[in-house]
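Q: Each chain is listed here by its residues.
Number of protein chains: 2
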Amino acid sequence: MINIAVLGYGVVGSGVVEVFYKNRESIQKKAGQEMEIKYILDVRDFPDSPYKDKFVKDFDIIANDESVKVVAEVIGGIEPSYTFVKTCLEKGKSVVTSNKELVASKGAELLAVAKEHHVNFFFEASVGGGIPIIRPLHMCLAANEIVEIEGILNGTTNFILTKMIRENMSFEAALKMAQELGYAERNPAADIEGHDACRKICILASLSFGSHVYPQDVYTKGITQITPEDVAYAESCDSVIKLIGRAKKMEDGRISAMVCPMFVSHESQLSTVDDVFNGILVKGDATGDVVFYGKGAGKLPTASAVVGDIVDCAKATDTSTSLHWEPSEGKNVVDKSENETAMYLRVKSDEVKVLDVARKLLGDIRVLSREGQPSDEFAFITPIAKEAVIDAAISRLESMGAEILGEVRILEC
Amino acid sequence: MINIAVLGYGVVGSGVVEVFYKNRESIQKKAGQEMEIKYILDVRDFPDSPYKDKFVKDFDIIANDESVKVVAEVIGGIEPSYTFVKTCLEKGKSVVTSNKELVASKGAELLAVAKEHHVNFFFEASVGGGIPIIRPLHMCLAANEIVEIEGILNGTTNFILTKMIRENMSFEAALKMAQELGYAERNPAADIEGHDACRKICILASLSFGSHVYPQDVYTKGITQITPEDVAYAESCDSVIKLIGRAKKMEDGRISAMVCPMFVSHESQLSTVDDVFNGILVKGDATGDVVFYGKGAGKLPTASAVVGDIVDCAKATDTSTSLHWEPSEGKNVVDKSENETAMYLRVKSDEVKVLDVARKLLGDIRVLSREGQPSDEFAFITPIAKEAVIDAAISRLESMGAEILGEVRILEC
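Here the protein sequences line up with chains A and B, keeping their order. If you use my numbering, the first sequence corresponds to residues 6 to 418, in order. If you use my numbering, the second sequence corresponds to residues 6 to 418, in order.
Just so you know, not all the hints are guaranteed correct.
Any copy will do: because identical chains look the same in the list, a pair fits if it lies in one copy or spans two.
[Claimed, not checked] With a straight-line Cα cutoff of 27 angstroms, these simulated DSS-like cross-link-like pairs (lysine-lysine) come out:
1. Lys320 <-> Lys120
2. Lys254 <-> Lys27
3. Lys59 <-> Lys320
4. Lys27 <-> Lys288
5. Lys320 <-> Lys34
6. Lys34 <-> Lys254
7. Lys288 <-> Lys320
8. Lys34 <-> Lys253
9. Lys91 <-> Lys320
10. Lys288 <-> Lys34
11. Lys74 <-> Lys120
12. Lys74 <-> Lys320
13. Lys304 <-> Lys288
14. Lys34 <-> Lys111
15. Lys320 <-> Lys96
16. Lys34 <-> Lys336
17. Lys253 <-> Lys341
It is worth saying that the hints were derived from the structure and are not from the lab.
Hey, can you work out the whole structure from these sequences and the hints?
A: The structure is reproduced here in structure tokens:
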């Protein structure tokens, strides 16, 4: 018999309890033993819950109960989650979590603590909700060197961009709609500023490349500055704008990682990932491109991923050797200025020669046009260049009175 | 130290050896121990191979070497593979294979033999080549009841159909091109008649629903009768024709499974799976739709999946409890006549009233049209009905002199 504790009875936590009892029979069959949720930790009271006898408010009851072998942390945020998770691991309990913030900040440390105590720290639900991605990355792709990962990792921003693309809505109107539908929170900053996607690409990059990539080292730009005009120019070159998290292994062993809106060509499988869906493209040296697609969030998909991890913990006899990465001092990520990309620029200028200047500075630019384009608006795509070079060209254009209205990177197919 | 034997040094076998030695360091790290390929079994001589000292022609050398703990069977076909695999399992060696024919016919039996001897029988490479699908299905989705699977499981036919759709080629011309490019074999029957896709959907259905689905019980229709006219009608209703393998759990617990060309709406994620790529859509009760996409065949993708399984065998301490299904007597699959579907029909008839008759027999049909449609050609989509009802209507149309030129099922989104 495996006793489980669930820390936090919010959306995901109540989903975990629901999925567990709904599929308990097949879960126990897959785990090969009896399983029971013994405790649910929450500061609130749930007097009408069918599980009311399981609620506790004191974490120490769980920490000190040796019969609890697996703990699901679904509180979110760094504290008290970090303290709880670390304590459980040190007490010889395996921990599973959906908490991307915790994994992105403390993953290497917590994996090391788990290893030291011969237990597991799993976090399938932290990226892609119900899409299996962490386990395929570290197990099925064991025989691959992963070269690059690029993904649409945040459903809220993907919903907003889809509305802007399909229904010509402004960012503000689309955000309001997302909030009304419950896809965006009242304070949407973590989504629309790209921080949520950043945590996820950090987890994927750390796992794929074996060295902890910290959120603060990853250049992150959200979608708040994207306008219907940018969407129209993207369409004029058979592309859509998506918020992309990307991580790539450079030849010198360092990692190039970033989160930003990008032009995605219709030829990319990611271009058809719409609405609240997520899509993650993994490039392996042997497999080629593999794409994982599905709902990246939501109570039941996320809960099912947490419960899947609980099953794996129940089956494990020791720490998984492959789900692992090393701590780093944050010098493993190349600076944004060294990144190479093609860039879409939308410029306001009274002088047509702005295009000639851009051509002179950057080489063979591709000029774009759109319906209703004002005579003082110019849009073009630069050749692939170091960001430092592009930034210098932008400064030069600004110095001659041009105003940069839009700036979006191009995803290479 | 784990010693490995590779049975068969064809395309996949040589790929396995190549991938193993190329990534040996990271493979050993992931497996947590030293690993070596000790034997390669092949009837042919490879005097110039860097691995020439490893070649043996006598299977018994491998079977009787207790130091060999993991065997990769990449010969293909039922015999001698079946005998070799069973012998290895009985001798306490784990076996991994890319052999879909073997797994589809003998999976339940070989999984039971593996369990009896506390070893593993893994076959990630048997479906979807390098796309991780078997492991996500049985592990990550542990907390889900899988409701339905539908997939583009054969790259050769998908390439042919893509050429027919994009370049208006005939089936024959597209097949010839596929053969010239090495995507189709000289005898292409297993691909174009749907048998390869059938074996794969049998494996996925057996694993998802826990009961062995045998190829001979699954209605299988290939793509040889698809014409450019059918492609044009599909386009007229925003669809493309794809060869789909589909398996669904019915309310009475039986399984509906079939392989056939289908109209796939542009709204489905599967509609954009083109060329030699595979795409597999898994519907779970908690996860919703999850899609896996990538190259379904090819030396290195398939080899990397085989090597991934080898790593998992090296790490395992006993038989995986979750990768398992029960034998069946073949009564677990519903007869095609009970299947419910909407159907596209293309009919040649001198009488316009053929549409009225169809409407009378089947209800509210949707009439389609195409450029250059002859006056004696009629095309329409039936409402959803039991196949028995549709077959009866077809017989009735034929009895009044109509000739059925095309017949393609509609995939529900």
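Q: Are any of the numbered hints broken by this structure? If so, which, sorted upward?
A: Going through the list in order, the structure violates no hint and respects every one.
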